[in-house]
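Chemist: Protein chains in written order, with our numbering: chain A, 144 to 227; chain B, 116 to 226; chain C, 57 to 304; chain D, 141 to 609.
In short, the hints are calculated from the structure, not lab data.
Careful, some of the hints might be misleading.
[Claimed, not checked] Anything over 12 Å on all C-beta distances counts as not near chain A; from chain C, calculated:
no. : residue
1   : D110
2   : G114
3   : P182
4   : S226
5   : L232
[Stated by the list, open to error] In the DSSO-like style, the derived pairs of lysine-lysine whose C-alpha atoms are separated by at most 27 Å in a straight line are:
no. : chain 1 : residue 1 : chain 2 : residue 2
6   : A       : K173      : C       : K168
7   : D       : K347      : D       : K533
8   : B       : K208      : D       : K274
9   : D       : K231      : D       : K142
10  : C       : K228      : D       : K231
11  : D       : K167      : C       : K228
12  : D       : K351      : D       : K275
13  : C       : K228      : D       : K274
[Claimed, not checked] Some residues of chain A that are not near chain C, with every Cβ distance over 10 Å (derived):
no. : residue
14  : L150
15  : K173
16  : L187
17  : L212
The structure presented is a predicted model; accordingly, all values stated were derived computationally and were not measured.
Every residue, glycine too, gets a C-beta built ideally from N, C-alpha and C.
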Amino acid sequence: MDLMNYLEIVASLLLIVFGVLIVMSKSIVKTIIYLSALSMIAALAYVLLKAPDVALTEVVIGSGLITFLFLFTYKRQKKVGDQE
Amino acid sequence: MINIAAVVLILLGLYSLLTTQHIIKMIVGLNVFEVGLNLFIITIGYRSNGIVPILTRTNNVQDFVDPLPQAIVLTSIVIGFGLTAVALVVAKKIHKTYGTYLINEIGGKVE
Amino acid sequence: MKNILALLLIAVLAFLTMTYVVDNNLIPEYGEARLDQTVSGAYVTQSVTEKNNDVSFGRSDNLETGSANAVTSIVLEYRAFDTLGEVTVLFIAALGVSLLLGSSENFAKRPKSGFILKVGSKIILPIVIIVGVYIITHGHLSPGGGFQGGAMIAAALLLMAISDPQFIPSIKQFKLLEGLSGTIFIILGLVGISVSGYFLSNYMDTGIIGTLTSAGIIPILYMFIGLKVGSELISIITDFLREEAECD
Amino acid sequence: MKYIVLLIVLPLLFAFLSMLVKSHKDKLLYLGVIVNVGLLFFIEQGEYIIGGFSKPFGITLVLDQYSMVAVVLINVLFLFTIFSHYQSIQKYSTVLLTLLAGVNGLLLTGDLFNLFVFLEITSISAYILTTQSKKYYDTFHYIIIGSIGSGLYLLGVILLYGQFGNLNLSVIAQQLNHSSNVLLPLLLIFVGLAVETKLFPMNGWVKNVYKNANGLVGSIMASIIASTILFTFGRIINAVYIDTFFYNLIIIIAVLTLITGELAAFNGKTMKEILLYSSIGQGGLATLLMVTGFIFPAVLIITNNGISKLIMFSIADNLSKEDVQLDNLKGKFHNHKTLGIAFTVASFSLIGLPLFLGFYAKVNTIIGLFDVNLLLPAIILIITIVEGAYLMKLNILLWHPGNEGEAVMPYDEEKSTSYSMSMILAMCILSLVLFTAGILPEQYGDTILDKPLLNDTHTEYLIDMKGGM
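Looking at chain A on its own, in the form it has when it is part of the complex (with noise of 0.2 Å):
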């Protein structure tokens, strides 16, 4: 058991808790600040397994720009306010 595993370890534990913080949770916004940290920890992973190329993608493209576009997607819920 060197250091790498026990980042392993860590890294999937981080995953699992945060996939299931995803799906207990009730706020929406929360949500997605999980999904963009999902992925962040999923990019750490993809460093872990080896693959910096994917890991380069996942930063940018899963943790960036797809929360970007859930945010500006949902903020007009709020301002039309009559949900929830």
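Position chains B, C and D relative to chain A; hints supplied.
Modeler: Quick look at chains B, C and D alone, frame taken from chain A:
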């Protein structure tokens, strides 16, 4: 290790997709599913003593991890982004038409 | 009721997948993948068409792809047709987004940005763009490539849009750029037919592996992919920024 | 012609070009479709490699007899669809071009991951096309189910890669033997494709999407995409060994799809409802034939269904833009006699009456299935009677002369009576095809299929694809 987490993410994403009432959260569930799927694909090609599949002065191609799953995931992530963008725009349009993101409320208004 | 059904379905899938993943000899166990049993064995030594035992950085020349990054050589060489499909998916997505959101010229009034954001983004912006361009041009040598670099440049533009409320990207030029780089990508592929008889083949000299000018057609293709992906993402982002206005 | 890849690449090239010359988008679409149909005259069978890397390393395009029939059928149907509905294309011409590239890719590619990419191209184009009806919630439903389907498909493909170390369908098929355990990957691939094949538990989306579709989208979904996916499905199912459990499972699902689809069509209240449920039923029938290995009857059924559904969906949309109750359509065909005859020919062919292609297809199906067991042909015969009942009912209603004393519906009362010459021409040609293929099946078989009438098995039918069973 990570492969089990990936399968759990796939299942969590599916569960979230099937049970939630909120359209945005369905798309989030779809994304969780995709993240899990992509992670799983990468783990198929992982070698615990492998190295990053990029040739430098100091390494040898024989030690590389499997690069093909990585290439597949690159494609898959970009495709997932396109899909998410389209789904979100349709969600926006739904909100504009029905004034809500909740499926049970839309169900009443569609008929 | 629906939840129970979903749980049941997922339990079945979980059982099936877990039996497959954990402890069987069907797929390689975690961390035990073997290159010699897959097609990747030939990809990394670049010996698909002819046997090639020794690949060493800075010495081997005229390899099949000449790209030091094995992922890049798969994405743009062995499975380049997938990449064409991939940019097409993004292309349709961008097209669909702009079709659905209409063409209102109004942009959302974005909130005024703070001092730190304004100044910070001015400092960060050129760095992000330079890194993006670097990633695109070094796609065959280091991690990254057209997709990542293009997405980074798009993200830089997003940063600009957030920090400066007056900033409105001109979508028309990006649409033109998108179509143009897609067309050039395909034409570069079609040239392959006339030169070597295969669509998207690497018909240029691949040079010495590890140098910037190596890998023949790959850096050129990646440049156009970068342009295309960047402009597609920018047009998606701009459409999302724009629609904000309609609902106010 | 050596360069089959042009069938996929040229539509894409035109799609990208249409971004540059926005004002001539629609002309590029026509040009692209016509060029593709023109290319069909030069194609030759064989296996073509892309990028110069032979299989399993590179991506290959497979053009055997099976995909030859499929490509010819789909491209020609696409041409007819475009020209009979050119008014409703509007700004969707680029999407249609990418759709054309996507379906050609699906039919031709011999690589499982490449197939996923084309599946996504096709389905995203389809999502965007279905938004034309402005029923966004239905489109959303379709997007979600379609994405789950393609995700599961990808999972199945990657498990196959883990097992066999490559992604080429025919190479994997050769490596399979009777002891290989490929149940889970195949199940996932099957479920993934079942969404688009409209098989039993996965076809909830079909109803709403089809019901609101206009003529263009309806014909494309019911005729072009449905046939393409069935052809793709048939290729995968026949290339790989299927173990008995899986085989029986798919047969049960296919039969259930057939029965539920046709019964729902029998109970259909509107014209489009009848047609869409009948599409589901025909999809089940074609799947059943594919699984049991009767490729030739399956191809006939898909061809027959593709042509008939194109005619019927186009005319259904032409009769009434809104999806009205059947009674309001009484005697409609007296105003459009030509279209009425085309519709009747299509529905007769769908039932399988003699003189039409459908008869040939159904006879082949039933004779073939007698070899499997007696239950399946019996089910199909009963279903054919049900099918005949509702389609005859529909035809009688539409040709109804009106009760005595009650005037036949006045001529130009409806605003929906607008139809174009090109549409009438297209419908006539297509129904003529159904008719000639029906009276001269051997001719048709020799020229296009080049195959004896009966007892063909997939092993001799799909070149280079060895399967078990």
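Chemist: Determine for every hint whether it applies to the structure shown.
Modeler: Evaluated hints:
For D110 (chain C), the non-interface assignment is confirmed: its Cβ lies about 23 Å from the closest Cβ of chain A, beyond the 12 Å cut-off. Once the 12 Å rule is applied to beta carbons, G114 (chain C) is consistent with being away from chain A; the minimum gap is 21 Å. With a minimum CB-CB distance of about 17 Å to chain A, P182 (chain C) clears the 12 Å threshold, and the non-interface call stands. With a minimum CB-CB distance of about 19 Å to chain A, S226 (chain C) clears the 12 Å threshold, and the non-interface call stands.
With a minimum CB-CB distance of about 22 Å to chain A, L232 (chain C) clears the 12 Å threshold, and the non-interface call stands. As the CA atoms of K173 (chain A) and K168 (chain C) are separated by approximately 24 Å, the hinted pair is consistent with the 27 Å bound. At roughly 21 Å between alpha-carbon atoms, K347 (chain D) and K533 (chain D) fall within 27 Å of each other, so this suggested pair holds. Proximity of K208 (chain B) to K274 (chain D) is assessed by CA-CA distance (about 9 Å); at most 27 Å being required, the pair is judged to hold.
Between K231 (chain D) and K142 (chain D), the direct Cα distance comes to roughly 34 Å. Violation of the 27 Å bound is thereby established for this hinted pair. Between K228 (chain C) and K231 (chain D), the direct Cα distance comes to roughly 16 Å. Compliance with the 27 Å bound is thereby established for this hinted pair. Distance restraint check for K167 (chain D) and K228 (chain C): the Cα-Cα separation of roughly 21 Å lies within the 27 Å cut-off, and the hinted pair is therefore satisfied. Of the pairs offered as hints, the one joining K351 (chain D) and K275 (chain D) holds, with about 10 Å between alpha carbons and a cut-off of 27 Å not exceeded.
For the suggested pair K228 (chain C) and K274 (chain D), the alpha carbons sit about 26 Å apart, so the restraint of at most 27 Å is met. Here L150 (chain A) stays apart from chain C, with its beta-carbon at least about 14 Å from theirs, past the 10 Å limit. With a closest Cβ-Cβ approach of about 21 Å to chain C, K173 (chain A) is found to remain outside the 10 Å limit, as its non-interface label requires. L187 (chain A), annotated as away from the interface, keeps every beta carbon of chain C farther than 10 Å; the closest lies near 15 Å.
For L212 (chain A), the non-interface assignment is contradicted: its Cβ lies about 6 Å from the closest Cβ of chain C, within the 10 Å cut-off.
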